[in-house]
Amino acid sequence: MGFKRTIENFTCGNCGFFVRGDGFTNHCSNCLWSKHVDIDPGDREEPCGGMMEPVEARLKQGKWSVEHICTKCGFRRRAFAKKEDNVEGVLEIARENNPSSLR
1 MGFKRTIENF TCGNCGFFVR GDGFTNHCSN CLWSKHVDID PGDREEPCGG
51 MMEPVEARLK QGKWSVEHIC TKCGFRRRAF AKKEDNVEGV LEIARENNPS
101 SLR
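Numbered according to UniProt numbering, the sequence shown terminates at residue 103, and the numbering increases by one at each position without gaps.
It is worth saying that the hints were derived from the structure and are not from the lab. Take these hints with a grain of salt, some might be off.
[What the hints assert, rightly or not] Restricting the straight-line Cα-Cα distance to at most 25 Å, the calculated cross-link-like pairs of lysine-lysine (BS3-like) are:
1) Lys4 x Lys63
2) Lys63 x Lys82
3) Lys35 x Lys72
4) Lys83 x Lys60
Can you make the complete structure from the sequences, with help from the hints?
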């Protein structure tokens with residue numbers, strides 16, 4: 001399929017933060033955790049439903065992306081960081097898992 005824009009607010013299953021969705025929201029802007037709910041971005045067809053831990057952050061061509069891994073099934077997906085995201089959280093993930101990305 002392809003990307004399906006789904007506008008919805010949610011409460012983070014990891015930290016309880018209320019997130020206002022804009023149709024491109026993939027993860028909690030506070031703790032950066034996500035939830036494995038999509039097969040294709042936005043479709044909400046994935047039955048797994050596991051929490052997805054942010055495990056890596058990369059800076060490429062001036063844009064940060066965060067990779068998540070599902071704690072239930074191991075699926076991995078990368079998403080761009082957004083301006084609303086906790087910048088310190090993104091940098092902490094980068095420092096922990098890829099120190100060379102900060103040079």
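Now the hints, each set against the structure:
1. The straight-line distance between the Cα atoms of Lys4 and Lys63 is roughly 22 Å, inside the 25 Å bound, and the hint therefore holds.
2. Distance restraint check for Lys63 and Lys82: the Cα-Cα separation of roughly 9 Å lies within the 25 Å cut-off, and the hinted pair is therefore satisfied.
3. Our distance criterion of 25 Å between C-alpha atoms is met by Lys35 and Lys72, whose separation comes to about 10 Å.
4. Distance restraint check for Lys83 and Lys60: the Cα-Cα separation of roughly 16 Å lies within the 25 Å cut-off, and the hinted pair is therefore satisfied.
Checked against the numbered hints above, the structure breaks none of them.
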